[in-house]
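Be aware that the sequence shown starts at 1, since it is given in UniProt numbering, and climbs by one per residue.
Hints in this document: simulated from the structure, not taken from any laboratory.
Don't take each hint at face value.
Within a straight-line C-alpha distance of at most 30 Å, the following computed DSS-like cross-link-like pairs (lysine-lysine) qualify [stated by the list, open to error]: (1) 665 <-> 624; (2) 582 <-> 534; (3) 355 <-> 501; (4) 665 <-> 355; (5) 166 <-> 281.
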Amino acid sequence: MTTTMPPPSSSTPFSIQLQHLLDFSICFLSQSLYSLSFLSESQRGISRTQNDLARTQNNLSRTQNDLSGEPTVTSQEPKMISQESELASQEPTVTSQEPKMISQGSKSASQEPNTPSQEPVTTTSSNPPSKYSNRVVLKSILEPSDRWKEFVDERVVVGGWVKSSKEVNKEPAVPEPQQQTTEAPNVSPRHRDVRCVEIFQSRIPIFRSIAKIFGGGGSSHPVREKPEPAIPEPPRPSVAYLLVSDGSSVASLQVVVDSSIAPPSQVLPIGTCIVVEGVLKEPSIQAKHSIELEVEQILHIGKVEQDRYPLSKKRLPLEALRDCSHFRPRTTTVASVTRISSALTFATQTFFHDKGFLYVQVPIITTTDGEGFSKKFQVTTVLGKDGKQNDTGGVSLEVVKAAVIQKSNLVEELKRSESNREALASAIQDLRKTNQLASQLEAKEKLKSGPSMKADKYSFYGDFFSQQTYLTVSGLLHLESYACALGNVFSFGPRFRADRKESAKRVSEMWMVEVQMAFSQLEDAMNCADEYFKFLCEWILKNCSEDMNFVSKRIDRSISYRLQSMISSSIEKISYMEALKKVAVKFEINQEWGIALTPEHLSYLAEEVYRKPVIIYNYPKELKPFYVRLNDDGKTAAAFDMVVPQAGTIITGSQSEERIDMLNKTIEELRLPREQYEWYLDLRRHGTVEHSGFSLGFDLMVLFTTGLPDVRDVIPFPRSRGKANN
């Protein structure tokens, strides 16, 4: 485009000449600005080309380094289309049940077709999916810590919950420079057929004002003002980095989700559940995560209500997590504790199975007090919907008795007539209900008239069971019946105590491992308990290394050393009198026979005196349950407690009384309801035998192996006084 000044004429008015001069000046300036803008755009294009060239050189050098280690590996495209085609040509008759999973072994074979391998080529996937879903368990990728190298560039499906997240914006893309031709500069289409003056006036307001001043309102060249509509700025492209855990391991997998695949607002909130498919890659930027998943497809998003979700990025105290026990397994600490608890359960089954014990399930609902003097939960169905005992509606006992007589007469008349069998059946049923009501009223009257009468000596008429029942406090009595027939048996289940005292090591519901061995004495039970305890400690160190590393860093740094010392040390066995003498000096108490050793006394013996597990045996008979065998001295019982440093009493055991006369005498001395224990006495009447056993507080064992201070933090749903929320 060239611009020339029109020649002035003497007949031309001065205003028109001035307008022509202004037009020429504006066109000249616009051409100069356009040339400058084109030059600037060319310089930016050169800079971008140089950057692309530098990145290409870096990629080339990185590729050469990779080829130096594996000279025959071909480039891997993200979608791996060529590998799938090659696999199809190599194995035409094999159909895959998991079309989205690529076999690691087959992939290796397709990458190295002509190179003899020193190792045999496997055809099974090195990262198999879960047996009951097509997702891959993260533990198979992340544990042990160096195993991830086997799975680089493998396509997988993973699922889990977002534990932390962040969003990183991408650099905005710069448009490519326009190519120039020799004919004319490449002008935007909307600028064609527009005069230079109009362009300059529409873009620069000051020149538009000058043109109006000199040209006046009647200019023959009107300015085209085109206000551009406001277009909303599109969201900037970004990448979401998510730490996802599926609960199978301590470590989490970093998942990379591009904003073109899913909006970041859907996947960033903590607690979101996602199922994604992608390719495992080494991070482009060196970080603490050795491997990450580049997502190619979102299969599921489980959203959360952020304003109501109790967990957040900040580490919540364990006390606060007790109020949301249904969510706390998603925290790393509680998840590790749960995996350790599961390992202890499996170790228990393994130990007793290998020793020839049989597993027996004992009842939770029982009519027997397992210890004779424990605080029990009563089981009843005679409570109404409002939680109060069903009332009789204010009807007196005399009225009900009169109704019984009347209904009895009616039944007799119907029986004599034999005319209406349906009416007879209805009258008999009505009479039965009236008799039950009368019996219930009689029981209440007896209870009111005799306040000293024990509740165990009457039954609730109309209740589900015909006699009073309780939640079991111990399964050892029932387990004895199977030990006296099968030899060595054990049980594992919940036990209940209605103890109103708050304690960090005692709640209302706790799980116990209970053991009974026929043809054994107290010493045999001690040895079995010692061996079982050491087996559990060793099992945790061998099979829960990652979780124990986390516990050592987060909770108790000395926990692994403590467990190892339990395995290597020999247990100390002392009598009750020896223990009493040692604690009497320390705590300045009288060495009086029958004094109960407190938890503080026991901890002193295990942690300061002996510094290892201690077994205290031959307690006074008054301190142990009625079924414990009486020693020959007549005042001590064949019972023991195992006290562990930092944990207290974990195991209690005894030799059971096999002599029926001695057992009868104890029941009478303690004034226990004999009818509750008739079945237990039958074991002594018919084929009695010496037998012993013990109980291990399973929740206390989990507490010891994790180093936590409160048992409520290791029980999935703890039950204590006034707290049973779910």
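Practice task
Taking the numbered hints from earlier one at a time, note which ones the structure violates and give those numbers from smallest to largest.
Solution key: 3, 4
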